[in-house]
Amino acid sequence: MTNRTWGIVVILCGVLLAALPTFAHHSLNSEFQMGKPTELKGTLMKVEWDNPHVYWYLDAKDAGGSVVRWSVEGLPPSYLHRNGVSRTDMLALVGKEVTIHGRIAKDGSKLMFGLDFVLPDGRVIPVGPKVGDDNP
Amino acid sequence: MNYRYLLGCLIAAAMIAGLSSTTASAQADRDQGTKKYAPPSLPTDHSKPAPRRADGHPDLSGMWIEKYGALGTDPAVGKPGGGARSARPASYPSDELPYQPWAALKARQLHDAGNTDPLLHCEPYGVPRIWGGPHPARLVQLPGELIILYERDTAFRIIPTDGRSHPADADPSWMGNSVSKWDGDTLVIDTIDLNEKSWLGSGKNAGEGSGTFHSDALHVTERIHRPDFNHLTVEITDDDPKVFTHPWTYNWNMNLVPNEEMYEDVTCSNEKDYEHELPDKLAATDKSAAAN
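Note that the protein sequences, when read in sequence, are chains A and B.
Using the numbering used here, the letters of the first sequence map in sequence onto residues 1 to 136.
Using the numbering used here, the letters of the second sequence map in sequence onto residues 1001 to 1292.
Treat the hints as calculated values from the structure; they're not laboratory data.
Hints may be right or wrong, so weigh each one.
Stated by the list, open to error - With a straight-line cut-off of 27 Å between C-alpha atoms, the simulated DSSO-like cross-links for lysine-lysine are: (1) A/LYS130 - B/LYS1079; (2) B/LYS1079 - A/LYS41; (3) A/LYS46 - B/LYS1272; (4) A/LYS61 - B/LYS1036; (5) B/LYS1036 - A/LYS41; (6) A/LYS36 - A/LYS61; (7) B/LYS1048 - A/LYS36; (8) B/LYS1272 - A/LYS36; (9) B/LYS1079 - A/LYS36; (10) B/LYS1106 - A/LYS41; (11) A/LYS110 - B/LYS1272; (12) A/LYS96 - B/LYS1272.
Work the whole structure out from these sequences, hints included.
In structure tokens:
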């Protein structure tokens, strides 16, 4: 393949990558593995509905079967409230089994940036920015 | 050039794009539930004129927001190869700004350090980074002054509109000292005496600061215009001869959100990111800055 052909492929791939969201009021590329989608399944234990980031705490089993406490960081309360996700909705999930999709921390800590919740009945609650929204 | 290779690559790219489109539909399906996770529709009518005050000037008062988007789900769920994708910027956001070569290099170094954003250290946004994004600003126009209440940072500004000059002895501050005057139907706000601690953001993304530092010589001009009832344009010019080669200008186009409310948005009550930020060096793309 010629250099020019590779160049076109690179440009096309770049267009596809550009559709992905970035997050939050400061750069999170230094903190999270943005290219590594992760799924956590466990029991929601606690909700911190606070600025500038909501935090959820999830107890999930690791590969050895031990329960591990994960922190899941989210957008600010105003952004969630304005889009129909309320503190009350989230507090109602405490004690329930949920699946959370997101991006885990680079530093190896049990921390993830949350993008959506999947409830036991299959309902999905979006908590991340919309694709293409580059300034949440 | 071997066009068969090119054709094959284009077909492959089209298939990937098609897959992306298909999964985008699946993504939309995932977002559908018993509840709508999106804000209400905004008024878009451009025909209704901006209201005017008794003094003849346009009334800029109202709740305005630049970004009013819906929430989204994880775009990688259900996508083959989703794990190989990256949301890292392809180049330094600070390269969008006309930095002098030494300053462009410093901005990149601040980005690469990973934990240098003032927001991570519980510091304010400052002018002009306070504008833009998903947090509304409430403008209250009174005789002789404009009050701006920002949801972001739970901050405010009180700006004289009577044409007065800057005081000679204003202390440097995050919001600086602002005065204003009318240029036809546009209110022109002139801000100096800014400290050198804040970052500017970029014209595309105020939240993503990425090393966009400035000096104490920063001079910000905000031209606020209400072209019709439902829209407000904030044109910002950043002039800083100590770090830029020339002034640069960008716009925030804001919509009226008459039924929206303001929420508390303090910077640091629950900020825990600092301890997890690691160096994040991007590949340099602008050879002129890298060479200096």
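So, going through the hints one by one against the coordinates:
| no. | hint | result |
| --- | --- | --- |
| 1 | A/LYS130 - B/LYS1079 | holds, 16 Å |
| 2 | B/LYS1079 - A/LYS41 | holds, 19 Å |
| 3 | A/LYS46 - B/LYS1272 | holds, 16 Å |
| 4 | A/LYS61 - B/LYS1036 | violated, 32 Å |
| 5 | B/LYS1036 - A/LYS41 | holds, 24 Å |
| 6 | A/LYS36 - A/LYS61 | holds, 20 Å |
| 7 | B/LYS1048 - A/LYS36 | violated, 48 Å |
| 8 | B/LYS1272 - A/LYS36 | holds, 21 Å |
| 9 | B/LYS1079 - A/LYS36 | holds, 12 Å |
| 10 | B/LYS1106 - A/LYS41 | violated, 42 Å |
| 11 | A/LYS110 - B/LYS1272 | holds, 13 Å |
| 12 | A/LYS96 - B/LYS1272 | holds, 25 Å |
In this structure, the hints that do not hold are numbers 4, 7, 10, in rising order.
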